[in-house]
Amino acid sequence: MFMAKLPATIFVGFIFFILGSQWAFAQNGPNLGVLAASEEIVAWDISISPDGNGLPEGSGTAVGGKSIYMEKCLVCHGQEGSGLLNDRLAGGHGTLDGPAPIKTVGSYWPYATTIFDYVRRAMPYLQPQTLSNEEVYALTAYLLFLNGIIGEDEAMDAQTLPRVKMPNRDNFILAYPGEK
Amino acid sequence: MPESKKNIPMEEVAGNGLLHRRVFLSQGAALISAGSFNLLTARPASAQTTVDIPPWMKVPGAGMSGYGSRAAHEDYIQRNPVSALGTTGSGGSRTPLQSLEGMITPSALHFERHHSGIPDINPDDHRLLIHGMVDRPLIFTMDALSRYPMVSRIHFIECSGNSRVGFNIEPALGSCGDLHGLVSCSEWTGVSLAILLEEAGIDPRAQWVLAEGADAAVMSRSVPVEKIMDDALLALYQNGERLRPDNGYPIRLLLPGYEGNISVKWLRRIKVTAEPTMTRDETSKYTDLRQDGKSLIFTFPMEVKSVITSPSPGLSMSGSGLYEISGLAWSGSGKIIAVEVSADGGRSWARAALSEPVLSKAMTRFRMAWRWNGGDAVIKSRAIDESGAIQPSRDQLLEEKGTKFNYHYNGIQSWRVASDGEVVNVYG
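These protein sequence lines map, in sequence, to chains A and C.
Sequence positions in the first sequence follow our numbering and run 1 to 180.
Sequence positions in the second sequence follow our numbering and run 1 to 428.
Hints are supplied without guarantee of correctness; some may be wrong.
[Unchecked claim] Partner residues aside, some chain A positions facing chain C, computed with beta carbon under 7 Å:
id	residue
1	G33
2	A36
3	L85
4	P101
5	Y118
6	R121
[To be verified] Label-pair ranges, simulated between beta-carbon atoms:
id	chain 1	residue 1	chain 2	residue 2	range
7	A	D170	C	R70	51 to 59 Å
8	A	Q159	C	V426	31 to 39 Å
9	A	D170	C	E74	52 to 60 Å
10	A	G98	C	R244	36 to 44 Å
11	A	V63	C	I390	52 to 60 Å
12	A	V75	C	Y237	37 to 45 Å
Bear in mind the hints are in silico, worked out from the structure with no lab data behind them.
Glycine residues also receive a C-beta, built at the ideal position from the N, C-alpha and C atoms.
If we strip away everything but chain A, and leave its shape as in the complex, we get (with noise of 0.2 Å):
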């Protein structure tokens, strides 16, 4: 399937090789792509997966997150997260087995990651990425703590962020690859 050893020849000019790493090349392209830098790889990654990772340094409480949500995301999601142009961001509890479900971020996401993630990507909405990291976590404490998850004064940070259970996290049932 690969093929043995290039040239090193062909990587002239390239500062990175990893010593060990085995060479091996896709057979059916011309192997045109350029190895990443680990500061450019750090730089795109921006996902936070379920267990923490790729969660930064920092910290906030609801508390701070409060004062932010005022300035920046009170216009469009209402007071509290009650929901105003766009999506209502709390409540809804109890709701999702009744006719009427409301599916807000407390009532309905299953991971706490997906807050952080979500909102440090493309929130608040006509300025995405410009919060800090200090800002997104006390952002993400907020809107848990207004979902009645957390309390006002819990930090939250990369450590306790992933432990936090979402109240609807054991009501999603994989459709792929099935379930065991």
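Add chain C to chain A, keeping to what the hints say.
Same frame as chain A, but now just chain C:
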């Protein structure tokens, strides 16, 4: 004697005037002049004839142009953009299915669904990063990607929120495109993602990849490695030209048959992982809430489905006579093997003709000859795919999946044709 030359009887093959599917093919002009072949009209046209030479024959026509445009008379055929309050780019626009023919959607009318508008990407500055559980994290420029071997495939893309109005208690008003236009079909050309992952050296323990776009929402979805290795394409071209910005210029991921949102546009990053990342757009959205309050997550393939595009609301019938019922069928599980049509509200059904080519995970055009007697009629279509799946009635679907599902609606669409020729959406 080839079947097409045989004399096909004009008898009904199903109730209320459905004729053999080969009627148009076999008897063509003779039949049409014997009967009256009527046209569906969106706009009433003057039937006046004239002996005058038309003005466009009396002066030389317009010159050539660098990039063509459609006839001004067709400009009324539009997508209908709708966005969330306070935004211009979080929303969608639907393909006007009722105004199109064949199986390919013109690129300019391909449906849109964006989460934070269409980014204005300079291809010279765009990069694709592949990293995570790979031996060599790699960056590709657009120039580099253009040198890889390319493949072309015709596939539909359907948003899993398409036809959502079918969950409404009362039938929604609107054209076929308003109700079902979050589906389109194109020829996509690009590079197989498997080749690039092979080049990066994928860890055999990897089960998922995260695909991320370069829009302001940095929209991201987790995709099974199994699907990537099977048929994932990095599409660079749509219908022969570079992707349009609203379809992911300069690269979109194309996952044939899967719900549209996962075919991430403006692709910038592929991260190979052991587990799904559980992004907002695969948890908060694009999950299917069941009646009991539990939700299905990762419901990827779009189900077998069909809709009659003509006649349909807005295309009124002009008097009794012979019509062609025309529609589209598709399935995320493979080829369409049959489409059945009913003109008597589902009491009797007959097989429609399928226009070639019939391709896997592509739209298939079906046609059926119908002699409308001018009376009230309910017409509907149901598709069957090669996995044996049969498109369910709305009642069956809601019975099986509940009323809160919100995605993946594939119930049979019924149109009521009233005696005045107007067509409306009805249930049952």
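Outcome of the hint check:
With a cut of 7 Å, the hint placing A:G33 at the interface with chain C holds, because the nearest CB-to-CB distance is about 3 Å. For A:A36, the interface hint holds, since its Cβ comes within 7 Å of a Cβ in chain C; the closest pair sits about 4 Å apart. Given hint, A:L85 at the interface with chain C, holds; its Cβ is 4 Å from that chain's nearest Cβ, closer than 7 Å. With a least beta-carbon distance of about 6 Å to chain C, the hint placing A:P101 at the interface is held under the 7 Å criterion.
The restraint placing A:Y118 at the interface with chain C holds, with a minimum CB-CB distance near 4 Å, inside the 7 Å limit. Hint status for A:R121 relative to chain C: holds, with the closest Cβ pair at about 4 Å, below 7 Å. At about 53 Å, the beta-carbon gap between A:D170 and C:R70 stays in the expected band of 51 to 59 Å. Between A:Q159 and C:V426 the CB atoms are about 57 Å apart, so this pair departs from the stated range of 31 to 39 Å.
Distance hint check for A:D170 and C:E74: the Cβ-Cβ separation is about 53 Å, which falls inside the suggested range of 52 to 60 Å. Between A:G98 and C:R244 the beta carbons are some 42 Å apart, a value that agrees with the proposed interval 36 to 44 Å. Between A:V63 and C:I390 the C-beta distance comes to about 57 Å, which sits within the given range of 52 to 60 Å. About 41 Å separates the C-beta atoms of A:V75 and C:Y237, a value consistent with the hinted range of 37 to 45 Å.
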